[in-house]
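S.K.: Sequence:
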Amino acid sequence: MNRRRFCVALLVVSISQFCQTQQTSKTQVPADLERELSVLRQKFPGDMAIYMKNLANGDEIALDADSVYETFSVIKLAIASEVLHQSQAGKFSLSDRVTLKAGDRRLPSGVLYALDPGLQPTIKDLLTLMIVISDNEATDLLGDKVGRANVTAYMRSLGLGKTTIQFSDLDWDRTWLSTLDPAYKSASGDKTIEFPFGKYDDARVRDAFGHTIYDAGIYFGHSSAREIGHLLEWAAEGKLVSKAASQQLLDIMEMQQVNDRFPRYLRDVRIAHKTGDGQPFIANDAGVLWVGKQPIVLVVFTGHHRGETAALHDTIARVAAMVVQHYGGQLAPDYLPPTH
Numbered sequence: 001m002n003r004r005r006f007c008v009a010l011l012v013v014s015i016s017q018f019c020q021t022q023q024t025s026k027t028q029v030p031a032d033l034e035r036e037l038s039v040l041r042q043k044f045p046g047d048m049a050i051y052m053k054n055l056a057n058g059d060e061i062a063l064d065a066d067s068v069y070e071t072f073s074v075i076k077l078a079i080a081s082e083v084l085h086q087s088q089a090g091k092f093s094l095s096d097r098v099t100l101k102a103g104d105r106r107l108p109s110g111v112l113y114a115l116d117p118g119l120q121p122t123i124k125d126l127l128t129l130m131i132v133i134s135d136n137e138a139t140d141l142l143g144d145k146v147g148r149a150n151v152t153a154y155m156r157s158l159g160l161g162k163t164t165i166q167f168s169d170l171d172w173d174r175t176w177l178s179t180l181d182p183a184y185k186s187a188s189g190d191k192t193i194e195f196p197f198g199k200y201d202d203a204r205v206r207d208a209f210g211h212t213i214y215d216a217g218i219y220f221g222h223s224s225a226r227e228i229g230h231l232l233e234w235a236a237e238g239k240l241v242s243k244a245a246s247q248q249l250l251d252i253m254e255m256q257q258v259n260d261r262f263p264r265y266l267r268d269v270r271i272a273h274k275t276g277d278g279q280p281f282i283a284n285d286a287g288v289l290w291v292g293k294q295p296i297v298l299v300v301f302t303g304h305h306r307g308e309t310a311a312l313h314d315t316i317a318r319v320a321a322m323v324v325q326h327y328g329g330q331l332a333p334d335y336l337p338p339t340h
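Position 326 of the sequence shown, counted from 1, bears residue number 326 in the working numbering, the numbering being contiguous throughout.
Honestly, the hints are just simulated from the structure, not real lab data. Just so you know, nobody snuck in bad clues.
Cross-link-like lysine to aspartate or glutamate pairs, in silico, EDC-like; alpha carbons within 20 Å at most:
1) Lys43 with Asp64
2) Lys191 with Asp116
3) Lys293 with Asp251
4) Lys124 with Asp251
5) Lys145 with Asp96
6) Lys124 with Asp96
7) Lys191 with Asp171
8) Lys293 with Glu60
9) Lys43 with Asp314
10) Lys243 with Glu254
11) Lys185 with Asp207
12) Lys293 with Glu237
13) Lys101 with Asp190
14) Lys124 with Glu254
15) Lys145 with Asp125
16) Lys101 with Glu194
17) Lys185 with Asp215
18) Lys43 with Glu308
19) Lys101 with Asp171
20) Lys162 with Asp64
21) Lys101 with Asp144
22) Lys239 with Asp251
23) Lys239 with Glu254
24) Lys145 with Asp171
25) Lys199 with Asp181
26) Lys101 with Asp125
27) Lys293 with Asp268
28) Lys185 with Asp171
29) Lys293 with Glu233
30) Lys162 with Glu233
31) Lys162 with Asp66
32) Lys243 with Glu233
33) Lys191 with Asp181
34) Lys162 with Asp47
35) Lys43 with Asp32
36) Lys91 with Asp125
37) Lys293 with Glu254
38) Lys91 with Asp144
39) Lys101 with Asp116
Based on the sequences and whatever the hints tell you, model everything.
M.R.: Pasting the structure below:
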């Protein structure tokens with residue numbers, strides 16, 4: 001080999017070794033924490049995916065993190081991203097107002113369904129309501145505004161090929177309610193909120209809900225824990241749409257009012273997160289937790305849960321507690337560590 005070829009070969013090897021070293025230093029697995037979380041998953045009566053990344057030191061844990069799960073309302077982070085994306089592209093302003101109509105009402109998740117038609121919230125108002133109280137009327141209005149296919153396309157442009165949305169909340173409600181009463185197959189939004197649930201016992205309503213999740217070919221959103229984790233990582237690093245848009249999304253997420261999962265056992269931990277609700281079969285949570293100066297991305301997806309909602313929420317809360325405790329954060333006095 002001549003001197004020039006030798007130098008080139010040496011340079012290639014050196015670059016390769018450097019990249020491998022950098023990759024190793026950026027991605028580390030805290031074995032003790034992973035072991036504790038794995039034990040928790042093994043005892044869980046259902047499916048569970050966990051993705052965790054400490055952005056300060058590169059620690060990463062991925063347990064079933066690449067499987068596709070039903071996100072329920074966690075998909076609203078993807079919708080919010082596309083709203084901010086289109087707004088920054090000049091397609092509309094977040095200060096634009098939308099006039100609410102009676103047919104825009106959705107089954108209770110939030111507050112807009114209870115207000116009179118004619119209200120004119122801004123797009124930013126709808127974005128805030130969609131995240132902090134998971135308002136489904138706001139969600140469908142924003143989904144219609146930006147186009148659900150565009151949400152999926154934007155996720156794919158970011159390399160998130162498993163993160164998709166196709167159906168509206170109204171599509172889902174019609175499918176669920178029509179398994180109880182076929183007359184609701186094409187019901188308007190204002191008719192769905194008047195559904196006579198009192199005519200049916202709780203077990204039948206619950207069975208219909210579970211059937212819609214698993215057998216009806218419809219979904220709120222699909223994604224993996226790792227992909228939602230990447231979305232949150234980009235937001236925390238100011239790289240989702242733009243630095244300003246990233247911060248705006250995190251600011252809204254910090255106002256979250258559904259706090260029965262990740263925040264349950266945490267004390268003095270700043271958190272920006274979004275839940276997803278399909279209880280008792282599914283409950284999810286995804287967010288960024290700042291433990292001191294350490295931003296930690298955490299996503300927990302569940303499915304096929306065989307138990308009651310309170311236990312499901314508590315397990316998700318314990319995942320966050322175990323992560324925060326590992327990195328030196330404070331927990332509530334009533335948190336009891338797992339026993340094996």
